[in-house]
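Please build the complex by placing chain B on the supplied structure of chain A, with the hints as guidance.
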Amino acid sequence: MKKIYSVIVLLYISLSLVAQEFTINGTVRDSQSGAELVGASVSVVGTAIGTFTNGKGQYSLSLPKGSYTIEYSYLGYKDNSFSIQLYDNMRKNVRLVSSAINIDNVVVTSKAQDYNISSTQVGAQTLSMQEIKMVPVLFGENDVLKTLQLMPGVKSAGEGGSGYYVRGGGADQNLILLDDAPVYNASHMMGMFSVFNGDAIKDANLYKGSMSAEYGGRLSSVLDVTMQEGNREAFHGQGGIGTISSRVELEGPIQKDKSSYLIAGRRTYADIFLKLRRDSSLRQTKLHFYDVNYKVSDVINEKNKIELSGYMGRDVFKFRDMFGMDGGNITATLAFTHLSSEKTKLVSSLVFSRFNSKLSMDMAMADMSLVTGITDVNWKGDCEYRMTDNTLHFGGNVTYHTFFPGELKTSMVEKPIKLENKKALEVNLYIDNSQNIRDVLKLQYGVRFSNFIGLGPSTVYDYNDEHEKIDSVSYKRGECVSYYPNVEPRLSANFRLNETSSVKASYTRTCQFVHLIQSSTVAMPTDYWMPSSNTVKPQTCSQVSVGYFRNFNENMYESSVEVYYKKMNNQIDYENGTNLYLNVDLEAYLLYGHSRSYGLELFVKKELGDLTGWISYSLSKSEKQFQGINSGAWYPVRYDRTHDVSIVLMYDLNEKWKVSATWVYSTGDAVTYPSGKYTIDGETVSYYTVRNGYRMPAYHRMDLGATYITSKTERFESQLAFSIYNVYNRKNAYMIYFEPVDEEHPEVLQAVKITLFPIIPSVSWNFKF
Amino acid sequence: MKRLLHILICVISLLATACTEVMEDFDLNTAEAKTVVDAVLTRDRAYVILSKTTSYLNPNKVPYISGATITIAYNETILTLNEDSAGYYSIQSDFPVETMYELRVSLDNEVITAQSFMPKPVLWDSVSVKRSVLADLYPLPDSVGVLYEILGYITDTKGVVNYYKLDVMKFDTLQVRDVGDDSFFEGQNFQLLTMIAAYKPEDTLWVYLNSIDKAAFEFYNTLALSNSSSGMFSAPDNPKSNLVGDALGRFYAYSVDSVQITFPKKEK
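Sequences listed follow chains A and B, in order. Oh and the first sequence: position 308 is 308 in my numbering, straight run, nothing missing. Oh and the second sequence: position 251 is 1020 in my numbering, straight run, nothing missing.
Be aware that one or more of the hints could be misleading.
Label pairs and their computed distance ranges (CB to CB) [said to hold, decoys possible]:
hint : chain 1 : residue 1 : chain 2 : residue 2 : range
1    : B       : 1026      : A       : 594       : 43 to 53 Å
2    : A       : 241       : B       : 827       : 47 to 57 Å
3    : A       : 737       : B       : 875       : 36 to 46 Å
4    : A       : 611       : B       : 827       : 49 to 59 Å
5    : B       : 899       : A       : 451       : 55 to 65 Å
Simulated from the structure, these hints should not be mistaken for lab results. We put the CB at the ideal spot given by N, CA and C, even for glycine.
This is chain A alone, in the form it adopts within the complex (with noise of 0.2 Å):
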């Protein structure tokens, strides 16, 4: 309670600290397009005294009366400055040119030059589409997610996979929003593609570290990826035929420069080429993914703004008429921006997020299908109050969650086997403060009271240690069921030391009501998400990060070096052989523990220049701890890759031709293998001793990239882009078992690695206009 009491005492001191001043504030956009420039430098000249634009392009300045110059800049755009005299409150709206003829040929990062050692975020990654559009992937698909997974922290949830693990954390203990919307399942295709299309994207930011006190819900991380808007000035497009994808994407003016329109979809087609082989079961087998990205904004006035965004994506499998899997996300979110002051933001956003997946099978001797899902509606209201050395953030969301745990229907028994629907309330606050303190102490610190509600109808159990039902409440509609409140500091630092470099480190506790059931590493249909009840508690984290952050040769080269220690309670995971599905007594079956991990980080990039890149290094150990696992030992998580390496390589050649590189080297995955073998029922069964005792093999992998731009004009521009995935065929085991070595001799067994993919090239063929 005295943290909470401290972070009162200092806003209060914050807001005490305002003076009689005049604020100047505006936004700073693309000359060409009306976009605007998130991050752009504002300064004041001959002063230390400036900020950067917000995620809207916003900035806003407080200053005493007096002339000044102002000076905007954004990298890859030529700068502007203008003379004013601030005798009142005014609003300064600017448009940057572009300082180069072909904006591809310089790397347009949203973020300042000097954001490594300037912000007070500790892990924190940003990607802009320039960099994911350049890493080479898998069937070259651009995909966020898989560019994600090449910074240090980040480990992938496998072999051409876009599931991601962070600093320990499981993979469904990151948030992941698109617009503010969460996405509950960010993969297509049993996590081979993730769900963000590139071409309707504008930029990827992940919080592995300190994060804001406007960010809450999962405990390992913040993945926000925030849709392009439309161009307001011109009608322009994007697309492409790739080898299993292709593209499109229009945008253009509903008003000029005053409304817009974005609307993008892809579609993948192997089963449009299964249509042309003879096998009849071939031709009638459904495989695709498609999805839709659409974003509608309008400036009603210089203070009011705007925008309904969303997604619809859905992966569809049928073979024949016998199996299907058809499962996707559907997200809408309409927010409206009101600046009410030069000094005060406030935004309102109405958002909806579902995802819903079905499994069937239909065959002459049986059929079933089971359907699983999450519905949120979510309001959240945020306010944001700019003074000199002070940005105060503020508000609160409300999200009604129904889940939707399972229902099968199948022929082979009289009625439908359904479980109860779950309904939650999560009703968050939070106050948050970013601090200038003398240009060299930063200071971010807030608190999130997050609150979670279950709500009825719903039947609560007592189970005995036989896992055998006891007791039970029923609770009405609407009824409380349980209640968790819970008080989530957030704390960050940044102390300058020099021009170059600073040091920084953060507090964060965060907190999670709902869990993922999973009976694989990697996204199934099958998974389904359920909230905390009277058995089940919430899982909570805090973690503590220190880091040292160094920029060269004027931003040229940015580096860091961070340690982390995260300690993460109320972990679930299942007893052994526990039945997942359409279980209604699942939770008399789970096993709570804990986790930890810690680790260094290393990460250096080449901003700038015909070369760039990065290196990234994570020495890392992430262990959990279960009664009934293991003994009650601490043990290894699978995914506990003690290093892990990642190079990235970008480098223009020509006018014509540029070229990237990715290496990647992790240790081997912890698995559990037997340490010896005995005969039940004439049947060989295995003997383990440890827990993710032994190691798969080390994991690498060099993936090539080259762009060649075929024509060029003003109006329209295309390339031919290829990749090839694991260059030099490195044969990397995705799964070992075991077989007899020969017929003769079946207890003598050898070890067989399942390899996924060999080298596979790929090429596409991109347009814009």
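Same frame as chain A, now just chain B:
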């Protein structure tokens, strides 16, 4: 459900150009040998096989354990099993259903005990066999046979939690083993057996419906998971045992109903 999930994953894995390779330099540790008890009790006999664990990859001959004293106790009866051959102990008797049996294995320095309940048998209502519609879609060579669907129906006993173990044997070879409880179909008619497989003329199947207790269900349920290799699924673990003492294995009593199926001779 788990089986269906595995099928789907296999199909998608095949589409993902998976390939395999033997790992020449792969080795595993060998744990200290542990006692293994394989104890079974049916309506007419009980047997126990005592052995030790062996190396996983390169086992020597299975070390059977001789000289143990093994008893089965139920109601007020205590029977001592005879050692018929090294490590193999058995006795024949008329064991009643709906009875709790207690096993006691006495070795040099240790005693291992276990309890198992033999439920009343649930009987097959019917077991049907017919040529599958897939047989024409996927014609197989004569040496493999023709695809048949085999469906088995039961009526679950109402008011009692039943646990089932299905064994389908083709001659002496186990083709299918599955366990389940009646949580989805308590007291209802249910299609308990659903399988499709290729059979040749004059092949003979025995379809066993074993009624077992909860401990046996948990053993076989976890046994299926324990043999999964490292991959995308959760870490495997030792099957849940009902043995008390420092040993692996299980003791289970069961009652059974079986149906024999002989496939017709090929028409000339």
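To see whether the hints hold, each was checked on the structure:
{"no.": "1", "hint": "B:1026 with A:594: 43 to 53 Å", "result": "holds (48 Å)"}
{"no.": "2", "hint": "A:241 with B:827: 47 to 57 Å", "result": "holds (53 Å)"}
{"no.": "3", "hint": "A:737 with B:875: 36 to 46 Å", "result": "holds (39 Å)"}
{"no.": "4", "hint": "A:611 with B:827: 49 to 59 Å", "result": "holds (52 Å)"}
{"no.": "5", "hint": "B:899 with A:451: 55 to 65 Å", "result": "holds (58 Å)"}
Taken one by one, the earlier hints all hold for this structure without exception.
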